[in-house]
Amino acid sequence: MTTRISEAESGTAAAGARDPLVIAGREFGSRLIMGTGGAPSLQLLREALTASGTEMTTVAMRRVSTTTQGSVWDVLRDNGIRPLPNTAGCFTATDALRTARLAREALSTDWVKLEVVADERTLLPDPVELLDAAERLVDDGFTVLPYTNDDPVLARRLEQVGCAAVMPLGSPIGSGLGIRNPHNIELIVEQAGVPVILDAGIGTASEAALAMELGCDAVLLASAVTRAHDPALMAAAMRDAVTAGRRARIAGRIPVRRYAEASSPAPE
Amino acid sequence: MTPVDVIINGERRDLAPRTTVAAVVRSLTEQTSGIAVTVNDEVVPKASWSGTEVTENDRVDVLTAVQGG
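So the sequence lines, in the order shown, correspond to chains A and B. Just so you know, we're using our numbering here: the first sequence kicks off at 1 and counts up by one. Just so you know, we're using our numbering here: the second sequence kicks off at 269 and counts up by one.
None of these hints come from the bench; they were simulated from the model. Mixed in with the good hints there might be a few duds.
Said to hold, decoys possible - Chain B is faced by these chain A residues, among others (derived, beta-carbon under 8 angstroms):
(1) G35
(2) T58
(3) M61
(4) V64
(5) N86
(6) R101
To be verified - Under 10 angstroms between C-beta atoms, here's a sample of chain B residues computed to sit facing chain A:
(7) N277
(8) L296
(9) T297
(10) S301
(11) I303
(12) V307
(13) K314
What the hints assert, rightly or not - From the derived model, a few chain B residues whose C-beta atoms are all more than 12 angstroms from chain A:
(14) T270
(15) V274
(16) R280
(17) R286
(18) T288
(19) A291
(20) G302
(21) E310
(22) G319
(23) E321
(24) T323
(25) E324
(26) T332
(27) V334
(28) G336
Cβ coordinates follow ideal geometry from the N, Cα and C atoms, glycine included.
The shape of chain A in the complex, shown without the other chains (with noise of 0.2 angstroms):
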């Protein structure tokens, strides 16, 4: 496997040199995104958010529950996390519209992650619907982050409607199957002028790492650590593994060989 490093990210290969992901013109120090969804409780997450190191975080827009103590609105507004309201949920363009507005209104933000899907089963996203609500969100002024298939075709194609970033499925939501077509990613990354964010189906810490090798410019994962069995370590760890596989992207692997190479000078 050949990887091909554009000169702006070479440009980055000191270690330690300041290396911000910028979407939209706005810069992340952290390239970790992380998501709410299925945290056993708001201290949980609380921990996990901090451990992740995560600057911006996904949240869902959902009716107002009499019975619930707490919200995860405050968990973030204390943390000084920036949050990504998501249109999860939504099986059209209209319903996607009704919700990033909604969000809009309530958080105070014109940025959101897009999510259309096709089935409850799945949870895929519908390609003709995502691609059509992307398109009337940027229209209407949104800064909009597609939760995309591994489909580099769709990819551009969202790229030309004028998303922000374009955000391919490892596998599908909630999985841990990890990155299914590797291959796909690849091009979706060599061809992308938008950040590439791999959303959806890490299960581990080497996957994130991967996602990063594979030339992504950041991960967005959620149920990896809210449903691990301890979710500020496993934040802990995908921070590491996102940090680990950028640096090692950026640093170049060594071409794979079929036979062996000695690294020590032959004796005398």
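Model the placement of chain B on the given structure of chain A, informed by the hints.
Okay, now just chain B, sitting in the frame of chain A:
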């Protein structure tokens, strides 16, 4: 005075006449930020809550950010 029959977050309720969106929000949550309201699927901007009265058969939804994604 005849109460106003409305649906709030999916539940039918009788409200005093001239109840505002702001009062409906206060009745559901102590939160003052991170909330959005729709009346009959149209977003009502926060600045208009205290000046908007709910009327007979309105569907009012009060939403907030929850864990997800």
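Hints that the structure is at odds with (numbers, increasing): 12, 20, 21, 26, 27, 28
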